[in-house]
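There are 2 protein chains.
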Amino acid sequence: MFLNLNATPSNKPRFLGELSNVSPAEIALSEFKYRAGAEVFGEAEPAEYIYQVIDGAVRSYKLLSDGRRQIGAFHLVDDIFGLENGGVHRFTAEAIVDTSVRLVKRVSLAHVAESDVSVARDLLNMTATNLKHAEDHMLLLGRKTSLERVAAFLLEMDHRLTATGVMALPMCRRDIADYLGLTLETVSRALSILQSQGILGFLGQTQRQIVLLDRPKLAELDL
Amino acid sequence: MFLNLNATPSNKPRFLGELSNVSPAEIALSEFKYRAGAEVFGEAEPAEYIYQVIDGAVRSYKLLSDGRRQIGAFHLVDDIFGLENGGVHRFTAEAIVDTSVRLVKRVSLAHVAESDVSVARDLLNMTATNLKHAEDHMLLLGRKTSLERVAAFLLEMDHRLTATGVMALPMCRRDIADYLGLTLETVSRALSILQSQGILGFLGQTQRQIVLLDRPKLAELDL
DNA sequence: CGGTGGGTTGAGGTATTTCAAGGCTCGTGG
DNA sequence: CCACGAGCCTTGAAATACCTCAACCCACCG
Numbered sequence: 001m002f003l004n005l006n007a008t009p010s011n012k013p014r015f016l017g018e019l020s021n022v023s024p025a026e027i028a029l030s031e032f033k034y035r036a037g038a039e040v041f042g043e044a045e046p047a048e049y050i051y052q053v054i055d056g057a058v059r060s061y062k063l064l065s066d067g068r069r070q071i072g073a074f075h076l077v078d079d080i081f082g083l084e085n086g087g088v089h090r091f092t093a094e095a096i097v098d099t100s101v102r103l104v105k106r107v108s109l110a111h112v113a114e115s116d117v118s119v120a121r122d123l124l125n126m127t128a129t130n131l132k133h134a135e136d137h138m139l140l141l142g143r144k145t146s147l148e149r150v151a152a153f154l155l156e157m158d159h160r161l162t163a164t165g166v167m168a169l170p171m172c173r174r175d176i177a178d179y180l181g182l183t184l185e186t187v188s189r190a191l192s193i194l195q196s197q198g199i200l201g202f203l204g205q206t207q208r209q210i211v212l213l214d215r216p217k218l219a220e221l222d223l
Numbered sequence: 001m002f003l004n005l006n007a008t009p010s011n012k013p014r015f016l017g018e019l020s021n022v023s024p025a026e027i028a029l030s031e032f033k034y035r036a037g038a039e040v041f042g043e044a045e046p047a048e049y050i051y052q053v054i055d056g057a058v059r060s061y062k063l064l065s066d067g068r069r070q071i072g073a074f075h076l077v078d079d080i081f082g083l084e085n086g087g088v089h090r091f092t093a094e095a096i097v098d099t100s101v102r103l104v105k106r107v108s109l110a111h112v113a114e115s116d117v118s119v120a121r122d123l124l125n126m127t128a129t130n131l132k133h134a135e136d137h138m139l140l141l142g143r144k145t146s147l148e149r150v151a152a153f154l155l156e157m158d159h160r161l162t163a164t165g166v167m168a169l170p171m172c173r174r175d176i177a178d179y180l181g182l183t184l185e186t187v188s189r190a191l192s193i194l195q196s197q198g199i200l201g202f203l204g205q206t207q208r209q210i211v212l213l214d215r216p217k218l219a220e221l222d223l
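So the sequence lines, in the order shown, correspond to chains L and G.
So for the first sequence, UniProt numbering puts the first residue at 1; every next one is plus one.
So for the second sequence, UniProt numbering puts the first residue at 1; every next one is plus one.
Derived by calculation from the structure, the hints in this document are not laboratory data.
Hints may contain errors.
Copies of the same chain look alike in the list, so a pair counts if it fits in one copy or across any two.
[What the hints assert, rightly or not] Simulated pairs of lysine-lysine, PhoX-like, Cα-Cα distance not exceeding 25 Å:
| id | residue 1 | residue 2 |
| --- | --- | --- |
| 1 | K33 | K62 |
| 2 | K62 | K105 |
| 3 | K217 | K105 |
| 4 | K33 | K217 |
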């Protein structure tokens with residue numbers, strides 16, 4: 001139960017929870033807070049820890065030399081990130097908003113996997129989950145229109161943000177754009193179109209709170 | 001040595017070779033041939049086997065309902081494909097040219113992984129390799145220009161096709177386009193530009209044999 | 001030989017980007 | 001308390017990278 005502080009009933013995999021049969025002596029555990037915009041780790045840095053979001057949200061991205069950015073994933077509450085099979089991070093990770101994370105020392109974890117089959121299986125499952133997400137995202141980035149991308153994004157967030165009714169997105173338009181391979185203006189226009197068609201609405205003036213009014217119609221847009 | 005029929009000296013991982021401590025009784029093995037264009041397995045089909053290319057080439061892709069296609073990967077000689085963590089294929093796989101593959105029963109493999117740590121580690125490594133490729137490809141699809149994409153493709157193929165001097169690409173322009181998230185015309189134009197700049201040349205008239213004349217300049221285009 | 005399957009190239013169209021302006025919110029400091 | 005600037009978002013207009021459509025070439029093959 002040591003690792004399972006935040007366990008909530010959910011159909012999502014609770015990976016760190018599943019590692020609870022590992023003794024505290026073997027896996028050093030601690031908690032850490034990052035201010036909005038702070039870097040958790042950088043691309044190509046040695047991977048010392050793996051992370052789990054306790055509160056807040058994180059973006060993982062790659063940069064091209066001229067500053068173009070591709071966000072590979074958003075990590076929301078309970079998500080695990082920073083898991084690397086090699087010893088080096090392949091993304092930069094930044095807190096999107098003020099965020100607290102739980103840390104697990106990577107070396108000890110890899111060591112445990114050698115002897116504990118269930119830990120090894122968990123690592124494989126996590127990696128496979130990430131792979132599936134990346135595969136689906138390749139299809140989105142390679143072949144979907146801007147409207148389809150935004151619709152897919154909203155459905156993904158609707159599914160992952162467990163909130164009832166309204167989605168409180170932690171990320172700004174630029175983040176969404178860099179996740180979807182678009183510009184922030186194109187994202188904004190797509191959202192306006194969806195709003196004008198009565199498929200979604202905004203709450204408050206900040207435009208970060210979105211309410212899905214017609215999920216079926218949104219799903220039609222996600223081919 | 002049973003599995004290691006085609007072992008060649010190479011720095012590439014030889015995964016099926018690494019499984020050679022598995023007894024023949026546990027992993028049923030066979031060989032199979034596919035004609036050009038033939039489907040090896042379909043998306044959403046139950047995954048009964050994993051595959052290794054002995055000769056030829058394979059493409060793995062997803063389709064949207066209206067026929068848009070995204071190729072997630074090309075599988076060349078010695079590559080393993082069709083590995084799934086869940087029990088279902090997430091891509092359709094087709095032979096690009098006449099191709100022969102080696103098959104391994106998946107269920108038995110998963111079973112072996114439970115007891116054999118080295119097999120479990122191999123599975124994790126393979127999945128992690130696929131994940132890294134997908135992550136890099138997301139950056140390409142989301143943020144690179146057509147010329148950068150084609151340059152990256154040529155460098156990838158140059159690296160993977162061990163041939164000396166000339167690359168004999170097995171896939172047509174449409175396949176390249178669907179891999180890079182472009183149209184075949186755009187791929188063709190990019191290749192023409194690279195040729196006109198003396199960066200590459202064609203051999204024969206079929207335009208499938210490409211010789212890289214200026215690898216450094218090509219690498220400059222791949223940011 | 002005629003047809004078919006690649007491949008290239010041109011001309012025109014369009015989805016998305018780029019550039020620019022303006023509005024709203026919020027925090028900070030006078 | 002209000003003014004101000006910074007950040008975020010939207011919207012319009014113009015530019016452009018890529019797509020679409022079409023013509024043509026070439027190799028291959030029955």
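To see whether the hints hold, each was checked on the structure:
1. For a Cα distance limit of 25 Å, the shortest separation of K33 from K62 inside one copy, 23 Å, qualifies, whereas the shortest one across copies, 40 Å, does not.
2. Taking the shortest Cα distances, K62 and K105 sit within 25 Å of each other inside one copy (23 Å), while across copies they are farther apart (37 Å).
3. For the homomeric pair K217 and K105, neither the shortest alpha-carbon distance inside one copy (44 Å) nor that between copies (41 Å) is at most 25 Å.
4. In the homo-oligomer, the alpha carbons of K33 and K217 never lie at most 25 Å apart, since the shortest distance is 39 Å inside one protomer and 44 Å across protomers.
Violation of the numbered hints given earlier is confined to hints 3, 4; the remaining hints are satisfied by the structure.
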